Each structure stands twice: as C-alpha cells, then as structure tokens.
Amino acid sequence: LKVFKQFTIRAVMNNKAYPVGVGKSKKEAKQNAAKNALRCLEENRSTADEISNSASGQQSEELTQNVNDIRVSSPRTNFIGFINHYCQKKKLSHSFIEKDRRGPPHDPTFFYIVKMNDKEYPVGDGKSAQEAKRNAAELAWDALQEQSDWDSKVFNILLSFCIIDYNYIEQCKHLPNNQTNSSSIVFRDSSTCLSELLMDNNVQDATVSFNNFVHLSRFTSDYDSIESLGKGGFGHVYRAREKLLDKNYAIKIVRGTKKALREVLALSDLHHTNIVRYYDCWMENAEYKQDSAANTLSFSQSISDSESQYLYIKMELCDTKTLNKWIKEQNKTAPQNTKRREDGLNIAQQIISGVEYIHSKKLIHRDLKPANIMFGQDKKVKIGDFGLVTNENEDDKNRMERTNKTGTRSYMAPEQKNERTYDRKVDIFAVGLIYFELLWTLSTGHERIWNNARSQKFPTEFLLTFPQENQIIKHMLCEKPEDRPEASTVKEKMEKWAQTVIAKKKVDRQNVTHTLT
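Position one of the sequence shown corresponds to residue 1 (full-length UniProt numbering), numbered consecutively onward.
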C-alpha cells in the first residue's frame with residue numbers, strides 16, 4: 001500500500017477564495033496559500049476605487065493600508081477594515097479627516113476622525129497618520145456598537161471569518177475522494193487572519209499560531225444528537241444523526257494512522273449483509289470529545305504533534321450489544337438447550353458467510369472474536385473492526401512482517417500465535433472457537449477447557465450433546481492450516497446441518513400435535 005500525503009490550503013476571506021497552496025506539510029502549504037493570497041491582494045490594490053462610489057480615493061488609500069497591515073509582525077485588529085466593510089454593508093459614505101497636527105515638525109502628533117454621512121465620531125491620535133486613523137476607527141467602532149440602530153447581523157456578516165481549509169489527500173486505491181472540506185480552522189476575525197498567517201515580514205518564514213484558532217468540525221456541523229457508544233484503544237465511537245438525511249449512523253474516530261486507513265480501504269470494498277457497512281470518511285485536525293458529566297464538548301489536538309490528523313469513519317449503526325455480551329447473557333440464563341443450539345448455529349452461519357466473502361476479496365480479518373462481532377438494527381450478525389485486515393496476496397516477506405503484534409491471543413491460530421507465516425486459515429480457526437463458545441457455557445476459571453478446545457479436546461458432555469457440531473468445530477481447529485477447511489466448505493456443512501435441525505424440529509412439532517389429538 002503506497003500512501004502519498006499532500007496538504008492543500010485555500011485562504012477564503014470575506015467570501016472570496018484565493019488560489020490554493022500545496023505542500024508536503026501543513027506549514028509549507030500554509031506559506032504557499034498565504035503568498036498566493038497576499039499576491040492577489042497586492043495585484044488588486046489598483047482597483048480599490050471600485051469598492052465604494054462615494055469615497056474611492058480614500059478607500060484606495062485604506063486598502064493600501066490594509067495590505068500594509070498584513071506585513072506587520074505583531075498582528076492587531078484592523079478596525080479600518082471593519083469600518084470600510086460596515087459602510088459597504090450599510091451603504092454609507094465615510095472618510096477619515098485630519099482634524100489637527102501638533103508638536104514639533106520632527107515629532108508631530110496626528111489627530112483624525114471618522115465621518116459617516118454627516119456624523120462625526122471621536123478623535124483618535126497617533127504618532128503617524130496611519131496610527132491616528134486606526135485609533136479613530138477603533139473609537140468609531142466602539143461608538144457604533146452603542147448606537148440604538150446598531151445591527152448585530154451586519155456585524156456578524158462583516159466579520160466574514162477567514163477560513164483556511166485543510167484537505168488531507170490520501171491518494172490510495174479505493175479511498176473515497178471527499179470533495180467537502182475535511183476540516184477547517186477559523187481565525188478570530190478577518191482583519192487578523194493574514195496577519196497571523198504572515199507573522200514575519202519575510203513571507204517564506206511565516207508560521208501560524210494555533211492558539212488563536214477556533215475549530216470548525218464537519219462532524220458537529222453535519223451531525224447532531226451525538227451520543228458516546230464506547231471507547232478504547234481502537235478510538236471512540238459515537239451514535240450521531242446526520243441532519244440532512246435524518247438518519248442515525250456510527251461515527252468512529254481514530255488517529256489517521258496507516259492501520260486506520262487500512263480499515264477504511266478494506267471496508268470501502270466490502271458489501272455484505274454480515275459485515276458492518278462503510279459509508280464515508282474524512283480527516284479533521286482535532287478529535288471530538290464529549291464530557292457527559294459536564295454536558296460539554298471540546299476538540300483536542302496534540303500540541304507536540306501539530307501534523308496529527310484524526311480519521312472520522314461513518315458506518316452502519318449497530319446494536320450496542322456485541323456477540324460477547326450475547327454469550328455472557330446465555331451463560332447466565334440458558335444452559336445447553338435446544339434454543340441456544342439453534343441460535344448458536346444461526347449466528348455461526350452468518351459469521352462464516354461474512355468470512356467467506358472476506359476471503360473471496362483476498363483479505364484476512366486476523367482478529368475475529370465475539371467482541372468484534374455485532375448485531376445490526378435488523379438483528380443480523382455484523383463483522384466489524386477491520387483494523388488488522390491484510391491482503392493475502394502479499395509476498396512472503398510482508399506475510400512474515402504482518403504477524404507482529406496482531407490479533408487477540410486467545411483466538412489466534414497456532415501459526416499466528418507463534419509468529420510464523422500464515423494465510424486466511426487463521427480466520428477459520430477463530431470461527432471454530434467462536435462456534436464452540438456459542439454452544440457451551442464457560443464458567444469462571446475456564447482456561448483449562450478453553451486451552452483443551454484449542455487442541456481439539458472437548459468436554460465429554462459437549463461431545464454427547466453436540467456430536468454434529470463437534471465434527472464441524474474439530475475440523476476447523478486443526479493445528480495445521482492446510483488441514484482446516486475453506487470457509488465455503490464450512491458454510492456448506494453448516495447449511496446441511498441447519499436443514500437437518502429444521503427438519504427434526506418440524507417432525508417433533510408434528511409428533512406433539514399428533515399426540516395431543
């Protein structure tokens with residue numbers, strides 16, 4: 001699997017998108033995007049007189065002011081820009097008027113006011129005309145917010161947050177190319193966005209301070225009714241309602257590692273009724289976290305790893321009860337009876353059907369166990385957690401490498417446990433153990449029975465109660481992988497046994513009816 005990582009960043013300011021910046025890292029892409037935006041702004045300086053019909057010359061000067069502000073190493077709020085945009089939205093004419101100039105010629109103090117239509121605002125002073133205008137704009141801005149006709153909606157519009165979109169591109173086979181913004185960073189206001197992006201006068205040395213950002217998430221934007229379903233070493237899974245479709249899904253959030261991408265690549269190619277269905281995925285720069293006790297949510301990003309990404313995987317929503325919970329419930333309430341036998345066979349059939357399909361795609365699951373098997377909303381068995389899936393067609397070297405630290409030891413086949421090369425037959429061994437567990441109650445301290453079962457040694461009572469199942473399971477648990485049957489063979493044997501069970505049940509029902517009559 002070859003993964004080519006590339007970052008693209010687009011600066012969007014006041015609803016205008018600037019050319020994208022591309023780089024092998026976020027920093028490089030940010031710098032290129034900033035240079036592209038700055039170049040466009042400087043090219044447009046000569047057309048600033050088109051912004052307003054009433055004060056073209058003045059606003060051209062102020063646009064020059066804005067561009068120059070971008071170059072300051074210490075960013076500050078651009079109140080002149082606020083006034084310009086506010087007057088555009090409200091269709092007001094405005095100008096900056098010099099009211100006075102005091103002090104010696106070599107060190108004067110300038111005094112400016114902002115005039116909107118016929119109204120003058122407080123005087124701002126500074127050691128330069130530029131500083132005085134900026135201070136006058138700030139005073140005018142404060143005064144505007146105190147007026148009775150202050151329009152907060154206009155204020156929200158004019159802020160027009162400068163958004164920089166990070167599209168994390170994974171050019172992998174079968175990985176969906178999501179055209180929507182995978183994640184966004186929003187600056188506190190549009191006046192400081194490029195200033196903060198270009199902290200240094202030398203654009204090529206520009207860096208970004210993430211402390212000033214607010215995270216916008218596709219997850220919280222497109223979904224609501226978010227509820228935690230569980231978390232662990234695999235990541236965190238949430239139930240969430242997609243607003244547009246008014247439908248619930250499971251959203252799994254994990255670090256954007258090769259293992260996570262492997263799971264997505266596998267799931268995107270699998271379409272089977274007994275496999276958890278994959279729908280979509282996207283990358284974000286932060287992980288969604290929900291504090292149920294405090295009823296709050298937050299996004300976290302590792303400061304030590306600014307390049308870290310989180311993969312959000314949209315999947316079919318399953319019941320919270322896994323097969324592991326089903327087995328525990330059966331062990332508490334149901335001994336080895338006919339109902340458990342029938343249900344166990346039905347579940348085993350669905351598992352082997354899913355495994356047969358996985359193997360037909362030349363894949364090996366490698367971590368089949370009750371905890372990774374769920375039930376769908378339709379009550380059908382769903383195989384999940386493809387984080388350890390691998391391609392069976394890898395060469396011998398890669399087959400050896402893939403054995404390291406993979407799978408759950410209690411369900412591992414001998415060759416997988418001992419770190420020798422292996423193939424799809426490791427999945428057959430795991431299903432054999434699961435089928436045994438579906439039928440037989442394992443009490444506390446069952447390690448001896450479990451280890452014996454791994455060696456094809458079953459309790460005498462099990463042999464007497466489940467003779468047909470014993471033959472199927474024993475064959476699946478052969479020590480040598482070449483002696484184990486293919487999934488298709490196991491599926492065929494289970495189907496034949498299921499037909500026998502159904503026929504016997506029908507005969508028993510008829511006998512009971514005949515006896516009653």
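Because the hints were derived from the structure by calculation, they are not lab data.
Some hints could be false.
Said to hold, decoys possible - Dumping the calculated DSS-like pairs for lysine-lysine here, alpha-carbon to alpha-carbon at most 30 Å:
1. K247 with K369
2. K243 with K379
3. K325 with K379
4. K474 with K491
5. K339 with K361
6. K480 with K457
Just so we're clear, the structure is a prediction, and the values are computed from it rather than from any experiment.
Query raised in the report: Does the structure keep K325 and K379 at a Cα separation of 30 Å or less?
Result: 14 Å, holds
Query raised in the report: Is K243 close enough to K379, meaning Cα to Cα at most 30 Å?
Result: 25 Å, holds
Query raised in the report: Taking 30 Å as the top limit, are the C-alpha atoms of K247 and K369 close enough?
Result: 29 Å, holds
Query raised in the report: K480 and K457: Cα distance at most 30 Å?
Result: With Cα atoms ~16 Å apart, K480 and K457 stay inside 30 Å; holds.
Query raised in the report: Given the hinted pair K474 and K491, is their alpha-carbon gap at most 30 Å?
Result: OK: K474 and K491 at ~15 Å, within 30 Å.
Query raised in the report: Under the criterion that the straight-line Cα-Cα distance not exceed 30 Å, is the pair K339, K361 satisfied?
Result: With Cα atoms ~34 Å apart, K339 and K361 exceed 30 Å; violated.
When held up to the earlier numbered hints, the structure conflicts with hint 5 and nothing else.
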